[in-house]
Amino acid sequence: MASSLLSSLAPSAPLHLQDHVKQANMSLGTSKRISILSGKDFTNGKCFSRTSMTIAFNASRFNNITMAPPDPILGVSEAFRADSNEMKLNLGVGAYRTEKLQPYVLNVVKKAETLMLERGENKEYLPIEGLAAFNKVTAELLFGSDNTVIQQQRVATVQGLSGTGSLRLAAALIERYFPGSKVLISSPTWGNHKNIFNDARVPWSEYRYYNPKTVGLDFDGMLSDIKAASEGSFVLLHGCAHNPTGIDPTPEQWERIADVIQEKYHIPFFDVAYQGFASGSLDKDASSVRMFSARGMELLVAQSYSKNLGLYAERVGAINITCSSSDAATRVKSQLKRLARPMYSNPPIHGAKIVANIVGNPELFGEWKQEMEMMAGRIKSVRQKLFDSMCAKDDSGKDWSFILKQIGMFSFTGLNTAQSENMINKWHVYMTKDGRISLAGLSSAKCEYLADAIIDSCHNVI
Amino acid sequence: MHKGNIAPSSPADRRLTTLARHLESSTMDSANQSIDVSPTSGFSGGQNSVFHHVVQAPEDPILGVTVAYNKDPSPVKLNLGVGAYRTEEGKPLVLNVVRKAEQMLVNDSSRVKEYLPIVGLADFNKLSAKLILGSDSPAIRENRVTTVQCLSGTGSLRVGGEFLARHYHQRTMYIPVPTWGNHPKVFGLAGLSVKTYRYYDPATRGLDFQGLEEDLGSAPSGSIVLLHACAHNPTGVDPTTQQWEQIRKLMRSKALLPFFDSAYQGFASGNLDSDAQSVRMFVADGGECLVAQSYAKNLGLYGERVGALSIVCRTADVAGRVESQLKLVIRPMYSNPPIHGASIVGTILKDSSMFQEWTNELKAMADRIISMRHQLLDALHARDTPGDWSHIIKQIGMFTFTGLNSEQVAFMRKEYHIYMTSDGRISMAGLSTKTVPHLADAMHAAVTKMG
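Note that the protein sequences, when read in sequence, are chains U and P.
Residues in the first sequence are numbered from 2 upward in steps of one, following our numbering.
Residues in the second sequence are numbered from 2 upward in steps of one, following our numbering.
Hints are computed from structural coordinates only; laboratory data are not their basis.
Since the model is a prediction, treat every value here as computed from it, not as a measurement.
We treat Cβ as the ideally placed atom computed from N, Cα and C, and that holds for glycine.
There could be a bad hint or two in this list.
[Said to hold, decoys possible] Cross-link-like lysine to any residue pairs, in silico, SDA-like; alpha carbons within 20 Å at most:
#1 U/K195 x P/Q326
#2 P/K72 x P/G91
#3 U/K111 x P/Q326
[Stated by the list, open to error] Some chain P residues close to chain U (C-beta under 10 Å, calculated; not the full set):
#4 H54
#5 T67
#6 A69
#7 E289
[Claimed, not checked] A short list of chain U residues far from chain P (calculated; beta carbon distances all over 10 Å):
#8 A201
#9 S280
#10 E374
#11 L405
Using the sequences and the hints, build the whole thing.
Next comes the structure, spelled out in structure tokens:
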């Protein structure tokens with residue numbers, strides 16, 4: 002390995018690379034020099050292996066990597082930030098804004114953080130499954146503390162990285178223990194769902210959900226597609242406030258959905274990201290999950306505190322798996338841990354402590370419920386205002402009542418890609434291209450402007 | 002009305018096959034087969050769980066030590082398992098500078114909890130890259146580094162591994178023997194195939210440099226090689242500067258891709274820059290590498306899960322494209338990283354007096370560990386414990402690779418309530434002047450009674 006160092010650099014290589022060569026030659030001393038080869042050899046990207054190379058001046062090992070497109074949802078906020086137009090409106094990501102269109106940190110969260118700092122708590126690693134106090138109150142919040150599944154210790158709860166991380170853990174469990182089983186997802190659904198299952202290598206297919214003609218639920222299509230799937234599939238259901246459509250099944254429809262799932266021995270897999278945000282009531286919004294649970298069905302439930310406690314960036318959530326026995330729950334929990342450890346070892350402590358302090362304290366919990374009602378209330382009132390503005394300005398006779406019927410943070414406007422692009426490019430109203438707008442990002446003051454934008458996009462763009 | 006979840010043959014067959022596969026790797030007891038149906042549960046009797054084939058996983062070998070320790074009622078128990086710093090009083094430590102930073106954050110009424118970008122907090126990323134690469138690093142000046150905030154060291158390794166499995170032409174990762182127990186699992190699940198290279202020589206209790214060179218020398222060109230930047234875990238045996246230079250030359254000659262795990266910057270020598278030398282040596286030659294950084298130990302932010310993955314590329318253009326692909330790995334895993342720990346780190350790194358305070362507290366922690374090393378060695382000498390124990394003060398970082406075997410470890414747990422990993426690794430950070438004698442007694446007994 003003695004003598005020469007070789008660097009393949011075309012004489013025409015950029016100057017700074019040639020400088021590197023000069024510098025390297027200087028530091029190597031005179032006994033070892035780097036020589037410059039012909040341009041052809043360099044542009045072929047070949048490695049010159051005849052002599053050893055101690056300085057790597059070949060092309061990047063990552064040269065063939067292409068630029069990935071921006072995330073369709075999170076990329077919207079990036080584009081919004083880059084826009085200097087004063088009329089701009091961000092109705093992209095589902096993050097609650099006040100009437101003044103400011104982000105909102107709940108008072109009860111500030112109280113909890115102050116308490117935590119005063120207590121001088123430590124920052125030791127949580128167990129792999131997360132903070133025990135957090136897991137306890139989280140399962141109780143979801144199922145109700147008097148629920149049999151909790152009293153019989155049949156729920157495996159593992160703290161996860163908000164909704165996304167909890168879904169990913171569940172997907173990893175499905176891949177490992179139910180190989181070949183599919184997840185059925187609604188059409189449409191949250192854009193990141195399919196990415197999660199793709200990366201976890203879990204096959205998925207869609208069931209009909211949204212009917213553009215009625216701007217409502219394609220209930221027969223939904224039941225039919227769930228029935229048609231092979232037995233033992235996982236059915237991904239939005240617990241409340243369906244994202245992106247805002248269209249939820251009625252209680253009677255939920256019962257029929259449960260019937261079909263049971264008939265086919267499917268496994269319900271709930272995504273609960275908006276508990277409290279749909280109706281304003283935490284218990285009411287959990288009724289679909291609780292109804293399935295009351296039937297004795299085993300469930301997967303991914304939960305997030307991003308929206309309802311405004312803890313977005315703290316990444317707090319949980320995966321809950323209810324089993325028919327406490328023994329099964331123990332085993333399932335142990336396997337969830339085995340999947341979390343090589344992903345991030347153990348979950349972040351800060352957000353979990355905030356939740357445990359609020360949900361576990363009757364006074365703070367009561368205060369939370371009030372702030373929750375306030376946030377959900379603002380969204381309902383903005384829906385009303387938008388609806389009123391649409392009706393006042395649009396004389397085409399189009400039925401805008403879906404704005405009032407849809408539930409939660411989002412409204413599925415029915416605008417297509419071109420129309421959504423018109424909203425962005427002409428009106429500086431940022432939204433996702435599937436026609437979804439986040440009402441959480443809308444103020445009463447902006448309702449009329451938004452109405453103008455929607456009417457224009459709807460009628461003047463194909 | 003209440004229909005069961007009893008699975009008919011086809012899905013059950015699939016699950017039975019899975020069960021058979023997992024029987025090899027997991028323990029199983031007869032309780033797994035029983036179906037626990039309470040008469041009051043409201044089921045129509047005799048239901049199988051769809052999870053009945055899911056077996057109980059064993060406790061994690063490292064984190065499981067703390068689980069076992071917590072269960073032990075003995076008043077003299079000692080936890081030398083997981084690498085978490087303890088004070089002389091045996092208590093967890095939150096650094097003063099961290100408390101200060103947290104207070105500033107809580108007092109700042111303008112702070113919000115909006116989602117971070119997928120790549121995390123921008124300031125944190127820039128400052129983390131500077132911390133490990135040096136603020137004057139040409140790679141940084143030339144914009145050739147992409148840094149993404151990740152969930153501490155584990156998360157950074159996992160994201161890096163997934164990225165390589167998708168985009169790098171060589172999917173073999175070489176890890177040293179021994180290494181942190183979680184490494185093979187992280188990279189295996191990321192989609193890489195894991196092989197080993199010789200590292201520790203039990204005969205000398207030092208580096209098997211020849212074995213290392215042979216194994217890396219015969220690795221296929223382009224393979225990925227995991228390197229512990231400093232304070233090798235679990236052995237505490239680090240290459241010398243000269244040896245690092247030889248490793249660098251060898252790796253570059255075979256186009257092996259370095260992937261550094263830097264979990265102890267500042268903890269090895271007490272000096273942040275010295276502990277980054279191995280990484281900076283590789284970056285200085287203009288080549289590419291990956292670096293996983295953790296703030297769990299050096300800033301005591303364990304449970305906040307703060308770390309960063311940096312990928313040093315040949316050009317700024319490549320770095321930009323690499324970053325965009327890293328986002329595609331992160332988004333379906335957890336969308337974006339947690340804000341709290343990164344905000345604390347950013348606050349400290351950008352303020353020169355807080356940074357200085359940090360380096361002082363860091364040195365104090367490193368010095369206390371070094372003093373524990375000397376005290377333990379002295380205590381073993383005082384007891385005339387047979388064997389050469391000088392490696393206790395030669396090894397670097399938080400851990401000592403004692404050389405005790407698994408029987409001796411089990412003996413020490415049972416008779417002396419001392420908890421450590423079965424490979425004989427002890428965390429010096431868990432020792433105090435008061436507890437050194439107890440450990441020395443235990444080691445002496447283990448060595449003399451069990452050879």
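Exercise for review: Quick one: work out the minimum CB distance from U/S280 to chain P and report holds if it exceeds 10 Å, violated otherwise.
Suggested key: At about 24 Å from chain P, U/S280 clears the 10 Å cut-off, so the statement holds.
**Study point:** Minimum beta-carbon distance criterion (10 Å), P/E289 to chain U
**Key:** Holds - the Cβ of P/E289 comes within 10 Å of chain U, reaching about 6 Å at its closest.
Exercise for review: For the hint on P/A69, just tell me whether its beta-carbon gets within less than 10 Å of chain U.
Suggested key: Not OK, violated: P/A69 not within 10 Å of chain U, min 13 Å.
Check your understanding: Within a Cα-Cα threshold of 20 Å, do U/K195 and P/Q326 meet the stated pairing?
Key -> 17 Å, holds
**Study point:** Hint validity - P/T67 Cβ closer than 10 Å to any chain U Cβ
**Key:** 8 Å, holds
Review point. Does the structure keep P/K72 and P/G91 at a Cα separation of 20 Å or less?
Key: 18 Å, holds
Review point. In terms of Cβ atoms, is chain P entirely out of 10 Å range of U/A201?
Key: 8 Å, violated
Review point. Holds or violated: P/H54 as interface residue toward chain U, Cβ cutoff 10 Å?
Key: Hint holds; P/H54 Cβ to chain U Cβ min 7 Å, cut 10 Å.
Exercise for review: Quickly compare the C-alpha distance for U/K111 and P/Q326 to 20 Å and report which way the hint goes.
Suggested key: This hinted pair is violated, its Cα atoms lying about 36 Å apart.
Point to revise | 10 Å Cβ clearance of U/E374 from chain P | key: 20 Å, holds
Review point. In terms of Cβ atoms, is chain P entirely out of 10 Å range of U/L405?
Key: Holds, because the least Cβ-Cβ distance between U/L405 and chain P comes to about 28 Å, which exceeds 10 Å.
Figure legend: structure checked against the earlier numbered hints; hints not met, in rising order: 3, 6 and 8.
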